[in-house]
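Protein chains in written order, with numbering that gives the first Met the number 0: chain A, 0 to 444; chain B, 0 to 444; chain C, 0 to 444; chain D, 0 to 444.
What the hints contain is simulated information worked out from the structure, not anything from laboratory work. Be aware that one or more of the hints could be misleading.
Under 10 Å between C-beta atoms, here's a sample of chain A residues computed to sit facing chain C [unchecked claim]:
(1) D37
(2) I145
(3) K147
(4) I148
In this text, a Cβ means the ideal position worked out from N, Cα and C, and glycines have one as well.
4 protein chains.
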Amino acid sequence: MLGKEHFTVTSLGPRAIASPMQLSNTYGDNLANYVHDDDRQRWLKGRLTVPGVKIGEESATTEAVLLEKAGPRAQIYFNPAHVHAGIVTCGGLCPGLNDVVRSVVRALWNRYGVRRISGIRYGYHGFLPEFALPLMTLNPDVVDDIHKIGGTVLGTSRGGGERTAEIADAIERLNLNMLFTVGGDGTQKGSLAIADELERRSLKVAVVGIPKTIDNDLLYIDRSFGFETAVEKAAEAVSAAHAEAQSAMNGVGLVKVMGRDSGFIAVHTALATHEANFVLIPEVQFDLDGPKGLLTRLEERLAKRNHAVIVVAEGAGQDLVSAAGEDASGNSKLGDIGSFLKEIITAHFKAKGLPINLKYIDPSYIIRSATASPTDSVYCERLGANAVHAAMAGKTRLLVGMVNNKFVHLPTPAVVEHRSKVDPEGSLYRDALDSTGQPLSLLND
Amino acid sequence: MLGKEHFTVTSLGPRAIASPMQLSNTYGDNLANYVHDDDRQRWLKGRLTVPGVKIGEESATTEAVLLEKAGPRAQIYFNPAHVHAGIVTCGGLCPGLNDVVRSVVRALWNRYGVRRISGIRYGYHGFLPEFALPLMTLNPDVVDDIHKIGGTVLGTSRGGGERTAEIADAIERLNLNMLFTVGGDGTQKGSLAIADELERRSLKVAVVGIPKTIDNDLLYIDRSFGFETAVEKAAEAVSAAHAEAQSAMNGVGLVKVMGRDSGFIAVHTALATHEANFVLIPEVQFDLDGPKGLLTRLEERLAKRNHAVIVVAEGAGQDLVSAAGEDASGNSKLGDIGSFLKEIITAHFKAKGLPINLKYIDPSYIIRSATASPTDSVYCERLGANAVHAAMAGKTRLLVGMVNNKFVHLPTPAVVEHRSKVDPEGSLYRDALDSTGQPLSLLND
Amino acid sequence: MLGKEHFTVTSLGPRAIASPMQLSNTYGDNLANYVHDDDRQRWLKGRLTVPGVKIGEESATTEAVLLEKAGPRAQIYFNPAHVHAGIVTCGGLCPGLNDVVRSVVRALWNRYGVRRISGIRYGYHGFLPEFALPLMTLNPDVVDDIHKIGGTVLGTSRGGGERTAEIADAIERLNLNMLFTVGGDGTQKGSLAIADELERRSLKVAVVGIPKTIDNDLLYIDRSFGFETAVEKAAEAVSAAHAEAQSAMNGVGLVKVMGRDSGFIAVHTALATHEANFVLIPEVQFDLDGPKGLLTRLEERLAKRNHAVIVVAEGAGQDLVSAAGEDASGNSKLGDIGSFLKEIITAHFKAKGLPINLKYIDPSYIIRSATASPTDSVYCERLGANAVHAAMAGKTRLLVGMVNNKFVHLPTPAVVEHRSKVDPEGSLYRDALDSTGQPLSLLND
Amino acid sequence: MLGKEHFTVTSLGPRAIASPMQLSNTYGDNLANYVHDDDRQRWLKGRLTVPGVKIGEESATTEAVLLEKAGPRAQIYFNPAHVHAGIVTCGGLCPGLNDVVRSVVRALWNRYGVRRISGIRYGYHGFLPEFALPLMTLNPDVVDDIHKIGGTVLGTSRGGGERTAEIADAIERLNLNMLFTVGGDGTQKGSLAIADELERRSLKVAVVGIPKTIDNDLLYIDRSFGFETAVEKAAEAVSAAHAEAQSAMNGVGLVKVMGRDSGFIAVHTALATHEANFVLIPEVQFDLDGPKGLLTRLEERLAKRNHAVIVVAEGAGQDLVSAAGEDASGNSKLGDIGSFLKEIITAHFKAKGLPINLKYIDPSYIIRSATASPTDSVYCERLGANAVHAAMAGKTRLLVGMVNNKFVHLPTPAVVEHRSKVDPEGSLYRDALDSTGQPLSLLND
């Protein structure tokens, strides 16, 4: 079991300034409250199987951690008048980026009275000297309607976060004392290194991460922002594939969705559309040939219903793509499982003398660049505000996220270690098998 | 703290039949598993405040319960060949009803091989002799595309559930041994009484509820199906109100949303749109007049920004509506807070010589009858399948729902006692205040 | 037949400046061309019935006019460097207003190099001294994303256009030489009076109208902008009403849509949804009682199918509303036919002892404030650009619109005389009767 | 000028049966009317440029034809009790197919009392012996909700229409006396050949085509069904490309849309989104290199604004694709201009040392399989009903379509001769250049 120290959040120092938010400090007066550092939220993983379980005693198979709750503190670390806050968005697009930027700006400005807020352009590149990118001045007027636009108004890029010293130089030069980093795994590893470097220089800068992973594969948190919108858009593509498949003789619809290491989008999309017959994810191996392999199962399905729909996560079947020599790179670049399956399936049925009509859809850019659904907008709005509360309280090296429906502080080092995965023995995947009618396993014995 | 017995699920009897689902019974083989009755999911309410908290020791302010996990059992109670299952939808419309019906039918048919499935027409009325409503024969073909249509293909109605004896007669006559009741509070109280009556008659009928409350006010569960779709549609109405308000001099947009006792839709909608300035809910009283009252705050807002948007839950401000003599009934029928506010606000500013331009929108039918969003579709698909697993295992007098992201069995009596409410001192409402800029309280001292 | 002079467009004077657009003047070089004033588009109304018709000879029942084509002229009247253009949006909201504003600004700026463009705030009120409303400076950056927002960024209001002298004073003071008026009938009558007053003062100001009528009742033009979006949104409300009706015993869905004098939205909505059973429009009288009256027909429908959907235009059945004493005003204010029908129908069936379940939806604000559909966006984009071409060419007292799929100049006086109506004997209404199954007439003999 | 005989519609014989529709035959009684064969609608192409034009005298540059109006006739040819109608959908998917099928079935059943209606499965293949495909029985219940599903419930396929004798055999064997063919160019050429063969056999079968071309390239008609929906969906893809482009340093969004010979979708999509900077269509050649070529213009755009969006029709730039040796086939198969541009553009900027970030989207399957927008639903509803009216009147060898906003009968031979194209010198393309800011020509001198 992970100890409490593993989840302790770093603070820049004692908090001596009264928050301007004027919330209540008393429970029972029916007024919204400040949050105390001792307020905790429980995260649980695994089963509480236990013949004769007693309440409060978890079995050995259950991991439990108590996490610090997010929210405004009565005493804050930074004097709002002295704050210069920076926001940077990194990596691939994800629905909700502009909602997050908007929320951070508005919480700083409206709740705390911060008046210097700067957008860093095009990811960490915005800090690097060779690009000479000017800052973007942010205020409530500038961000008022940006949530109606996909993408990120700040711009984004990949990489750059490893140039820690130069970024710390820039932060020093710009006199930033607060940095919000919106990005995935790599971005947050970068922000950790930056925070370390800033500490080495004895600079009091709060580095607060807002985790972005459209794949929904972040440890501990319920879901990542943009994930539900992604499922919504992916579901549209599956509906298209289904209409195509159903309208053709032996029609096969094949849709590749995001999910490098984790099949959450694929599984949710299959469940959402009620129209997929196979869902292939990185966590579960499958054979192509043999009596239990995908191709045989597909034949059976076509014989019975004349059409089929397959949802495949981009990270699924990587052993097969390499085996087929599709990807010669040797590095972690993914083989293109979508195109691979398209060709293999077409060739297989051609060889069998059974012409099929396969339509392959790769909707990824349409998914990534969508505006956030209302559910995701709620989440982004709350993520941004809670990130601001954390930073104003002088907390650093942490991510903000939702755990069992409550917002918490997650120390960055604890989160970036691993990724969350679909449990092949859990209820989500089981319900997806139920819904698709896919056999328990596509592996031959 | 509620004891374990409070959450014990009733079974019709020992389970002697092997499930036809052919899942795995072993953890570690990477194959989807059956669920054991001892598998538990923790539900927690309240804060774990605790200077010096120890893991596994909750403070006195925290209530914890362990709930039985939902899912397919290796041994089932009913022989699928002998099953005649009935499904009934009751009460007002809610997005996802057809998804639930579809899922129940498909899980029974495809997973268990049940071949007699009947839809009860127009709610509990479908059981009553005077309506003489024929059953609707259900199978996968009939339900294949119903999730693309709003409303419920079975039809629905209010009431009738109190005529327990007649309903039990009908169930006996129809030889149903399984009844899925999709409905709210009243419906589930009815289904409890029906289950009691059936037990009195020594009939082995599994009565499994699928809780439906668009207001999202069910105890214990994370959210009810249709809730997110409702927020999505309500958000569209708020956007319309915002466009109207912003386009007029001193424009005021007023939107009434569902929420008789609980303001969840109102609060989420305000957060989702980022466009509301006031959100009024049943849980939080407000004054109209006086320096802190709504009308004064609205004046201030208009003076500053020339337009304002108010989201009001239908159950908010009931003390005011009555006070204004708007509702003479004396019973629990709600006063029409929307029309009341429309008139009061218009009159107030007219008296002040400041003409405003108020647009009032009541989108409730458009919300209720929407098709489910993909997120809700996922939820309905899983709810239906898990309800079927419960019924096939001979479990009865229970509701299926999601708690901390896992599906569980909730004994009906434990759930229908109270309703869930927005906690005025909790983070959700606080974040809504943050987002709207609404003052901490609209009550004068 | 209307003579050519009736459709002659006014010019401010000879055009001596070469257009900066650099289009081609030659047909046949495969390059986009300037338009000549002699280019004409034919508008035809009525039937060309004709035993032995000869091409080019219209029968007496056909009215034909030749209209000046819109588009950029090779020679223009205004020197772009001297232009100060104003844009004003008036009256009720309509989808596409911001698209039009955006298009006018971009065409002026990008195509002609105009650099002084001002938005008049809140309709004609923006010109009036007592409101002291500052102008809004417009350029491509300001308008870049406004089409993603409903309403109008300029603000709007009703009336004020009759204060011609004061408006002309303001135009003179602001040194505007170009005014784009986006609005309906009243607005355009106002703009005509303004143009007359400006001419009286010998001011060379091009007043170009962009007709806005969500009801689609403008003479000559194929359709008005926003109309298709309105139908789209109205169709959603009808779908909601249909889901409600179909889900209830004797469910009746009643939807009121816009259409004061003309039933175009109602008829198109009925056709679009395929779900309406009755469509009631201002152009066609109907009885309530009697063997052919609406109530009897509704009874028949419910007896046969258990549910019914009625679409009613707000201007329909005004004789009945007054007869029922619903509207005591005596002026042109419409009686509320929606609420009237709701009460009459409910009372009728109650008296008959047949309880029905009526749901009434009035979606007008949601319709008006929607963002434009892509089809309407195309139209608005082209309307705005062609309005600019007309103004730069020194044309005035005209409206821009689409006739038989081509953009033309319509002299304002010719257009504002009457309104276009649904022809009860034409194919559109007939096809709507076909689609709904509504009897040929709801009038008793 | 095309003579009247060119547009004369074939009839199977005299009409001796009174229509059961009970419309009015008198104009002026305010009741919907039957249509007479002499009722005409004018179609005009080209300009009416004419110094001193007189009404009724078209200049030499204008082509005019008078077309027979569609609609119900008072006397019909077929006795409804003897009718067996078949419907077949052919070729690629297009939004609205199910709306058309639904409308044909409902008009036959509800308006004329026809009770034998059969769906031919999977296009013309459904007639061919080797597939042995059973008919699909159609009635209002079967088709009630199919418009909420994309694709075609009948299934579709390409080709088969050339096997005229076998199809005629099948029609004879099935005793069909009415065939509705929903399909494009090839399909309608096939239906013409079938009609000829049936006439040769002296079989009285009405063959009525409902033209389907998502590219909107049919001669004479205003637009084809599904076209507006296609633009709507294509616009979403362009918005995605724009969000991607705007969010990256030197981001380029490239979207390929349908349009083999005609650029209507591309041009309308560019206009609808207001976000495209280049629109490339089959009708207008362009150079890649040189001072005016696409690559240079793209460089200029990126230098000025850092991002760019290109919309390309699939049939554009075919000379370039071949020139680049991308397509060795020599036949009419299109080269893949999208992938070609992607590679050429990327290589070009790489060679220049200016790294760009190009995202390529090909949304065609998502477009084709969408459900119809309300505007298209209206059109499909009316197309289907008018096709039924034509067939019941014994008319054959014709297509139903909308010309200048009225439905007409178009003799199939006259329509399938050529395709409609975007006129590079017309106002549509010119307005697109205006909107995109694309230079007048991308050809070097």
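Outcome of the hint check:
1. With a cut of 10 Å, the hint placing A:D37 at the interface with chain C is violated, because the nearest CB-to-CB distance is about 44 Å.
2. Here the hint on A:I145 is kept, as its CB sits about 8 Å from the closest CB of chain C, short of 10 Å.
3. The closest approach between the C-beta of A:K147 and any C-beta of chain C is roughly 5 Å, which is under the 10 Å cut-off, so the hint is satisfied.
4. The closest approach between the C-beta of A:I148 and any C-beta of chain C is roughly 6 Å, which is under the 10 Å cut-off, so the hint is satisfied.
Hint check: a violation occurs at hint 1 only; the rest are consistent with the structure.
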